[in-house]
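Engineer: Residue 15 in numbering that gives the first Met the number 0 sits at position 16 of the sequence shown, with consecutive numbering throughout.
No lab work stands behind these hints, which were simulated from the structure alone.
Every residue, glycine too, gets a C-beta built ideally from N, C-alpha and C.
Estimated spans, in silico, between C-beta atoms of each pair:
1. K33 to A113: 40 to 46 Å
2. P41 to K246: 26 to 32 Å
3. Q109 to P191: 39 to 45 Å
4. S160 to D68: 22 to 28 Å
5. Y266 to N215: 23 to 29 Å
6. A113 to L250: 15 to 21 Å
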Amino acid sequence: MNKLPPLVLPKVEFNREFSFSDADFERIRKLIYKEAGISLNPSKKDMVYGRLVRRIRELKLASFAAYVDFLESVSGKREFEQFVNALTTNLTFFFREEHHFPILAEHLKQRGAAGASELSIWCAASSTGEEPYSLAITALEAFPLANKPSISIVATDLDTSVLETGRKGIYSDDKIARLPPGHAQKYFDKLPDGNYQAKPVLRNMITFQRLNLIENNWALRKQFDAIFCRNVMIYFDRDTQFAVLKKFAPLLKPDGLLFVGHSENFYFASDYFHLKGKTVYQHAAKK
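With the hints as constraints, model all of the structure from the sequences given.
Structural biologist: The structure is reproduced here in structure tokens:
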């Protein structure tokens, strides 16, 4: 019996509201890499279309090419922030990757027992605030007595809209449901509309500010006892990851810990950090 030749299906291009060529996508890839360090592979083309098409509608532009032209113009500088915000991912929830928090609590208690009067944590990709509030709760639970160190948290992100959400500290019931038992009532106030707001004791611990991890001059002038940078550098290429890790090193105290995401492995930065546990690194200065 003769075999049928393999079936070759024609490539179908679905009608789009706006034209979006490979050349348009390549220009966008280069812009987001330059400005945010995010490396987009070709499989993300449809995602990029879906996230940016709203900006094109709002600006009443005719195409993606016109949108990129606008971004690269002097008058498009304000739009650049919206562009970056649209393409950055902000999936988060309270106590995500929960195995990190007991390790942080023990680390803080050891620092307190050693006589530290101030403890500081940097949440380097804070998104809508669930992570820094989880860190604040962990720190307060680690020191239940009145005689405890002063604790501060710096929460940074590239996306200004999520930073504003974090500052307000207001979350829906389904998000609050992820908190450990008893923590919702202890650390959040229920609002008339059914949402919950972090109590002042939490909000006063955290400073939210914009920071781009790939920029050279970070507005941070102190060392931290711990740095959380989880599930953001997976979007960076190896060179960018190494550059960021190198800049983390002088901002982490010699016995400080770096917490990273479940799919992130930085074995190539052993001159700066040693693996201490599951997705937890220690400053290489600590032998």
